[in-house]
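K.L.:
This is what each chain is made of:
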Amino acid sequence: MDIQVTKIGMVSCSGEELPEGTISRIACRKVLTDLKPNETVTICLPLFIAGGEEERKFAKKYPTITVDGCEKLCAAKSTEMFSGKPSKSLVVPDILKKHNLSAPKKLRHFGDEDQAAIQAVADEIAKSVKEVLEND
Amino acid sequence: MEKKNKKVVVLPCSGIGKVFGALARETTYELVERVRPNSAVTTCLAKLVIEDTETKQLVKENPVITIDGCPKECARKSAESQGVNVARSFQTIDFYKAHKDMKPEGISELDETGRRLAAIAADELATVIDELAVQEEQ
Ligand code: SF4
Ligand code: SF4
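The listed protein sequences correspond, in order, to chains Z and S.
In this text, residue positions in the first sequence follow the numbering used here: the first is 1, and each later residue adds one.
In this text, residue positions in the second sequence follow the numbering used here: the first is 137, and each later residue adds one.
Treat each hint with caution, since some may be false.
Some chain S residues near chain Z, calculated using beta-carbon distances under 7 Å [stated by the list, open to error]:
id, residue
1, CYS149
2, SER150
3, ILE152
4, TYR165
5, VAL171
6, ASN174
7, THR178
8, CYS180
9, ILE186
10, LYS213
11, ASN221
12, SER225
13, MET238
14, GLY242
Please keep in mind that the hints were generated in silico from the structure rather than gathered at the bench.
These numbers come from a predicted model, not from an experiment.
Note that CB positions come from ideal geometry on N, CA and C, so glycine has one too.
Work out the full structure: start from the sequences and follow the hints.
P.N.:
Set out below in structure tokens:
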């Protein structure tokens, strides 16, 4: 019997203008490489937008989790526009608030003091991956 | 001739799957934070897609350059698909080809070599920013 392993596509906004955009990017990478390597793939948002065949095909076929750096929800809206409604839409400031953490002050080169924020977002994504897989 | 205070908008692809996407992002930050903080600015590429009014205005009123990681040119294509006139486009893989002794590593965070290569790329792009800013000031 074939066992179908379902994967989740994570779409990070990777917003360049806000530290929270950098967090969304790093946290998604952390989930991909450390927390849920067998259950996730990431989808480059610009590749998705620019019409990468494979990326759009994947997002149409599999559930997606979007991770946005602010309430403008660029990743969630773009995913919905090009593929379909995300199964979960996460927003970095909401997660940080829930954990009583503040966002880094700079856009890059995060230090030790910023790791808790990255970890909290990565854990929340991993939790959502589990939930979406269980509900599918 | 009246001088207008124009900025050059730098849009990287920030590709999450390749080191050269990370290099594009780091090169952009080098440009806007260190090399040309007064004339180069960046904004979230994704904001263009959601039709953010301020962002649309910014790229309409100022020259735009894109920095992509690889020949797929996602930033350039994304920007152009939103009607942005891209003045110049670059690929960070070309900076690596020109400096083969500096192999960047790391996607979430570039390693030291990657950061040095991004600094070199940004230094080389400074003249492009200057040319575009001057043109826009005429
Ligand atoms: S959601 Fe916010 S941080 Fe992310 S790309 Fe959009 S504007 Fe930038
Ligand atoms: S240009 Fe290349 S590195 Fe950048 S997002 Fe596209 S595929 Fe990824």
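K.L.:
Compare the structure with each hint and give your call.
P.N.:
How the hints compare with the structure:
Contact between S:CYS149 and chain Z, as hinted, is supported at the beta carbon level, the nearest pair being about 5 Å apart and thus within 7 Å. At about 4 Å, the closest approach between the beta carbon of S:SER150 and any beta carbon in chain Z falls short of 7 Å, and the interface hint on this residue holds. This hint holds: S:ILE152 has a C-beta 5 Å from the nearest C-beta of chain Z, less than the 7 Å allowed. With its C-beta approaching chain Z no nearer than about 5 Å, S:TYR165 sits inside the 7 Å limit, and its interface hint holds.
Below 7 Å, beta-carbon pairs count as interface contacts, and S:VAL171 has none with chain Z, the closest being about 14 Å; its hint is therefore violated. Nearest Cβ of chain Z to the Cβ of S:ASN174: about 17 Å, over the 7 Å cut. The hint is violated. Annotation: S:THR178 was flagged as interfacial toward chain Z, and the flag holds, the nearest CB pair being 5 Å apart, inside 7 Å. The interface hint given for S:CYS180 holds, since its Cβ lies 4 Å from the closest Cβ of chain Z, which is under the 7 Å cut-off.
A hinted interface residue such as S:ILE186 counts as satisfied when its beta carbon comes closer than 7 Å to some beta carbon of chain Z; here the least separation is about 5 Å, so the hint holds. With a least beta-carbon distance of about 4 Å to chain Z, the hint placing S:LYS213 at the interface is held under the 7 Å criterion. For the restraint placing S:ASN221 at the interface with chain Z, the shortest Cβ-Cβ distance is roughly 17 Å, beyond the 7 Å limit, so the hint is violated. Interface restraint check for S:SER225: the shortest CB-CB distance to chain Z comes to about 13 Å, outside 7 Å, so the restraint is violated.
Hint on S:MET238 is violated. Least Cβ distance to chain Z is approximately 18 Å, over the 7 Å limit. The interface hint given for S:GLY242 is broken, as the beta carbon of that residue sits about 10 Å from the closest beta carbon of chain Z, more than 7 Å.
Violated hints, in rising order: 5, 6, 11, 12, 13, 14; the structure is consistent with all others.
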